[in-house]
Amino acid sequence: MRFDKTFAPADGGSGATTLPRAAAAPTPPRPKRRRGFVDVALTPRAAISPRATLIAGLVVWAIVLGIWSALTYGGVMPDIFLPSPSAVIERGISMVSDGTIWPNMWSSIEVILLGFAISSVVAVPLGLLMGTFRIVQAALEPMVNFIRYLPVTAFVPLFILWIGLGLSQRVAIIIFGTFFQQLVMIMDGVRAVPDDMLNASYTLGSSRRDVLTHVILPAAKPGIIDTLRITMGWAWTYLVVAELVAADSGLGYMSMQAMRGFQVDKIFLAIGIIGILGLITDSFFRLLRAKTAGWAA
Amino acid sequence: METPMTQTSGAPLLEARSVELRYNSGNSSVLALDRVSLEVREKEFAVIVGPSGCGKSSLLYLAAGLLESTGGEIIVGGDHVDGPGRDRGMVFQAYTLFPWLTVAENIEFGLKRRRMPAAERKEIVNYYLNEVGLAQFGGHYPKQLSGGMKQRVAIARALANDPKVLLMDEPFGALDSQTRATMQKLLLRVWDHSHKTVLFVTHDIDEAIILGDRVHVMTARPGRMKATVDIDIPRPRSLDMMLDPDFIAIKRQILGLLHDEIDEDH
Ligand SMILES: Nc1ncnc2c1ncn2[C@@H]1O[C@H](COP(=O)(O)OP(=O)(O)O)[C@@H](O)[C@H]1O
Ligand SMILES: [Mg+2]
Chain A
0 MRFDKTFAPA DGGSGATTLP RAAAAPTPPR PKRRRGFVDV ALTPRAAISP RATLIAGLVV
60 WAIVLGIWSA LTYGGVMPDI FLPSPSAVIE RGISMVSDGT IWPNMWSSIE VILLGFAISS
120 VVAVPLGLLM GTFRIVQAAL EPMVNFIRYL PVTAFVPLFI LWIGLGLSQR VAIIIFGTFF
180 QQLVMIMDGV RAVPDDMLNA SYTLGSSRRD VLTHVILPAA KPGIIDTLRI TMGWAWTYLV
240 VAELVAADSG LGYMSMQAMR GFQVDKIFLA IGIIGILGLI TDSFFRLLRA KTAGWAA
Chain B
0 METPMTQTSG APLLEARSVE LRYNSGNSSV LALDRVSLEV REKEFAVIVG PSGCGKSSLL
60 YLAAGLLEST GGEIIVGGDH VDGPGRDRGM VFQAYTLFPW LTVAENIEFG LKRRRMPAAE
120 RKEIVNYYLN EVGLAQFGGH YPKQLSGGMK QRVAIARALA NDPKVLLMDE PFGALDSQTR
180 ATMQKLLLRV WDHSHKTVLF VTHDIDEAII LGDRVHVMTA RPGRMKATVD IDIPRPRSLD
240 MMLDPDFIAI KRQILGLLHD EIDEDH
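Keeping their order, the protein sequence lines are chains A and B. For the first sequence, position 131 (counting from the first letter as 1) is numbered 130 according to numbering that gives the first Met the number 0, and the numbering increases by one without interruption. For the second sequence, position 51 (counting from the first letter as 1) is numbered 50 according to numbering that gives the first Met the number 0, and the numbering increases by one without interruption.
So here's chain B without its partners, still in its complex pose (with noise of 0.2 Å):
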């Protein structure tokens, strides 16, 4: 239990600094995200939890180059963000698998796109599918898996591309409280085999601290930061550690948080 969230060394991997984004539609312009600032160091779980519509989803498109600020900057291992790269690999909250490849040839589709000799991919290939509990599925078709069983394949997907950071966008927003359990489970248990550093968005508080080991709280529309939080919670970690009276009292201070958020609002 000697292994603190910061066995992390000195520059951010990712930073995000003053970026500012406004939705430009007609003559209409909502502004999304104000000023916001925010460093994830090398293999480091950030966790962002936030209202509904306050700008998370925007930030991790902005991080992941899909979309364009209109201030401020996000910098990745050193480079300016302009654009999509595979150093940046997302798993979206939508199913987003593609459904004429297989589930190996789904997991397979980066590492064939830089043209990886066959055997290696195959051996990749293998170690994800163990890795996310889907080694008998390999052949079938992602319409015929659960939303559960597909999202744990866009999260092989990902990984088995090897990215710089993991952008993770509320990945089990649409499944039920057990499924979403076990994914939790299975993403700790993944996380503690490879150390990825993570961004990960979520408006559930208790997902946010069981998975981080920082969280951030961003105030509702327009989006900014409002505090980070030290997650002091030992890894590995289970899901009955929500229990812990440390848990509590952090998802007390998450909820506070929130809560002033909520009533400013109104």
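Looking at chain A on its own, in the form it has when it is part of the complex (with noise of 0.2 Å):
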């Protein structure tokens, strides 16, 4: 809307009455038009109505849906390769219901939340501490940055060395690989507290406990809640490879067996099942802030 003179196409309602009008025949203001749907959706960060994004995010699904239809149904590419929709959910349907499914689907489900858990419980009072007492940062900063760059993957063979092939190899991975990113994104999350509002704090009669407890921690709750989200997103990446690598069970294992057996619906399957995983964590911790931070919006 506050676009409105400034950025509307030719077509847009108000154009022509900020035009300089002549002196002799002023014409009477033109009643103002309702803005069109194009017009509205091609204005930089105009808001567009809840149907319009529903519409817009279906809309893209058909079209990738189409595509894939097409491309099976219409015998464009050879179904080894390219399993059709229905070939997919047909064999979701036959591992269910003969219960293959389970094994693998609980294996990854534990060793990500286990490793996730494991990570998070150690990491956010940690990155509390780094970003509030300048010692602790100096203490462990250098360290972390390190290990941080280095690719987890170039880890496997040692943990599998040490740990062996089982389930705590592939937790050891996901704590390895999420654990230091969560560290800073923490600390860095606490350090954007406003030092003035820990001062406010320190006026008002707070302890340096108080103002732990009842400022930073506050403060920074949303952002932790969104290093949790985000992280966990990598640490599905870091299960999936982990159980490519090495493993005896697990979606990841699931795809690997499927495709020596040219079982490309399973490895479609066990993609589709991760991503619906991935989308209910998601929620989870969307939810989580929405009902514990609502504050910060």
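Calculated directly from the structure, the hints in this document are not laboratory data. Take these hints with a grain of salt, some might be off.
Stated by the list, open to error - From chain B, some residues computed to sit far from chain A (all C-beta separations above 12 Å): (1) E14; (2) S17; (3) E19; (4) S24; (5) D33; (6) G70; (7) G77; (8) P116; (9) E122; (10) S145; (11) R179; (12) R188; (13) H194; (14) D205; (15) D239; (16) D259.
Said to hold, decoys possible - Straight-line alpha carbon distances no greater than 30 Å define the calculated DSBU-like cross-link-like pairs of lysine-lysine that follow: (17) B:K225 to B:K250; (18) B:K149 to A:K220; (19) B:K250 to B:K195; (20) B:K149 to B:K163; (21) B:K42 to B:K163; (22) B:K142 to A:K220; (23) B:K121 to B:K149; (24) B:K142 to B:K184; (25) B:K111 to A:K290; (26) B:K42 to B:K111; (27) A:K290 to B:K121; (28) B:K111 to B:K163; (29) B:K184 to B:K250; (30) A:K220 to B:K121; (31) B:K121 to B:K195; (32) B:K149 to B:K184; (33) A:K220 to B:K111; (34) B:K184 to B:K225; (35) B:K111 to B:K121; (36) B:K195 to B:K184; (37) B:K149 to A:K290; (38) B:K163 to B:K225; (39) B:K142 to A:K290; (40) B:K225 to B:K42.
Every residue, glycine too, gets a C-beta built ideally from N, C-alpha and C.
Please assemble the complex out of the two chains, which come individually in their own frames, going by the hints.
Right under this line is the structure:
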């Protein structure tokens, strides 16, 4: 709306009224026309209706599924490389009904929840301390920044050597991949709490402990939840990497097996399940943030 | 109109003695305050004016105990300042409300820290919500408030905690001129009710004169005390007194003091 006069295309309702008028024949102002859909959609940052938001998202899904269907049902791609949507769904139904999907799914869920929880339980308090006390930051930051840039994948052989091929090896990879990133992101969030907010609290009689528990902690909470949500997404990547390289169960393992048997539909199914599980964890953290830190919006 | 500025008693409530502050960063060193001395009496509204960068904020942060001086001392209520405490409340130029707390909870913050019973807290919060004209806004969050309203909450939050002295660092500096005038009126009214000892910093001369009992004029960097001007304008005050000849005479005097400064600086 703010850009009504400046950015509206030539057919936009109000353009004409801003032209200098001829002194002789003043035209009565035209009634304001409703702005068209295209006009609004092409205005930078202009809000669109909830319906338009929903439809836009659905259209893209429809296009992707449409292309996929055309390629498969139309026989353009051989189904040994690209399975049809119905083949993937059928595979899903059969693996659910004969129960073969569950062990792999539970294995992946178990590993990611375990790794992510262990990492977060340590990273949240430690990140808070790093952002709060300069001495903790000075001690840990150089080492953390070094480790943080080492690719997790480079450590997979080492972890296999040390821990073996079991579940704990995959958990270790997830911890290693997420922990240092979480630390730095949480520390940065804590450091962004304005000094004068701490100062105000001191002048109101807060002790140092009060400042930590009643100012820094609540102020940093939305940032911490965002950090957890973002690193959870990365954890899914590390999980699959770990399962592809060396595992005896999990969705990544299932894909690897399917590749050997040329069961492309099964690979697609595994990818689809990971996507859905990822969406569920993402929604969980979004909901948590909205419920417990709605003030930050 | 028989209430001049000196219904004050003997010893100063806040006293700065030859305060020096040097900012050291790396190999550079800035002298921000050069032997600044100042006395604020009990129930006095004291104002500091001075050009931007002369160390006004630094002096308030020192008095609040949020900074450490490199020389001299500050005494409040007979005690040396060495760290922040609830006897010195402060209103900052930046918005410092806690965004996760409602307006009422913000005002309650200091009271809760010292474990005041809920009923007593509620009474005090309601009193100050009314004082600053926000009785309807107790349940709102800071992001729902305008800049002027936020500073009103900050004033209420500081006063509710009943400090010995209230330090105010250009609290209206970020506001538009109309809101600023509204806030000055509000502060005059609140002060007439509370007679709290205030040390108020501004670079706005009109604001200094209309609010203050005494105005301390500082020099440009390094900040020194240049002069102290008594404001013999009777209370209760109103903003139209800015048009009175007395007011204008004082303003001319302070402008002269500050202009010397700006000329010397160049
Ligand atoms: N943290 C700091 N480090 C170095 N110099 C500073 C710092 N804070 C303020 N100064 C300097 O000290 C002087 C006084 O600053 P300040 O107290 O903010 O002045 P005022 O509030 O009067 O504008 C300024 O010249 C400023 O550049
Ligand atoms: Mg300042």
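Cross-check of the supplied hints:
no., hint, result
1, E14, "holds (19 Å)"
2, S17, "holds (24 Å)"
3, E19, "holds (21 Å)"
4, S24, "holds (15 Å)"
5, D33, "holds (24 Å)"
6, G70, "holds (22 Å)"
7, G77, "holds (19 Å)"
8, P116, "holds (16 Å)"
9, E122, "holds (18 Å)"
10, S145, "holds (17 Å)"
11, R179, "holds (20 Å)"
12, R188, "holds (23 Å)"
13, H194, "holds (20 Å)"
14, D205, "holds (26 Å)"
15, D239, "holds (34 Å)"
16, D259, "holds (33 Å)"
17, B:K225 to B:K250, "holds (15 Å)"
18, B:K149 to A:K220, "holds (22 Å)"
19, B:K250 to B:K195, "holds (25 Å)"
20, B:K149 to B:K163, "holds (23 Å)"
21, B:K42 to B:K163, "holds (9 Å)"
22, B:K142 to A:K220, "holds (17 Å)"
23, B:K121 to B:K149, "holds (20 Å)"
24, B:K142 to B:K184, "holds (24 Å)"
25, B:K111 to A:K290, "holds (24 Å)"
26, B:K42 to B:K111, "holds (26 Å)"
27, A:K290 to B:K121, "holds (26 Å)"
28, B:K111 to B:K163, "holds (18 Å)"
29, B:K184 to B:K250, "holds (19 Å)"
30, A:K220 to B:K121, "holds (27 Å)"
31, B:K121 to B:K195, "holds (21 Å)"
32, B:K149 to B:K184, "holds (16 Å)"
33, A:K220 to B:K111, "holds (21 Å)"
34, B:K184 to B:K225, "holds (28 Å)"
35, B:K111 to B:K121, "holds (11 Å)"
36, B:K195 to B:K184, "holds (16 Å)"
37, B:K149 to A:K290, "holds (24 Å)"
38, B:K163 to B:K225, "holds (26 Å)"
39, B:K142 to A:K290, "holds (17 Å)"
40, B:K225 to B:K42, "holds (23 Å)"
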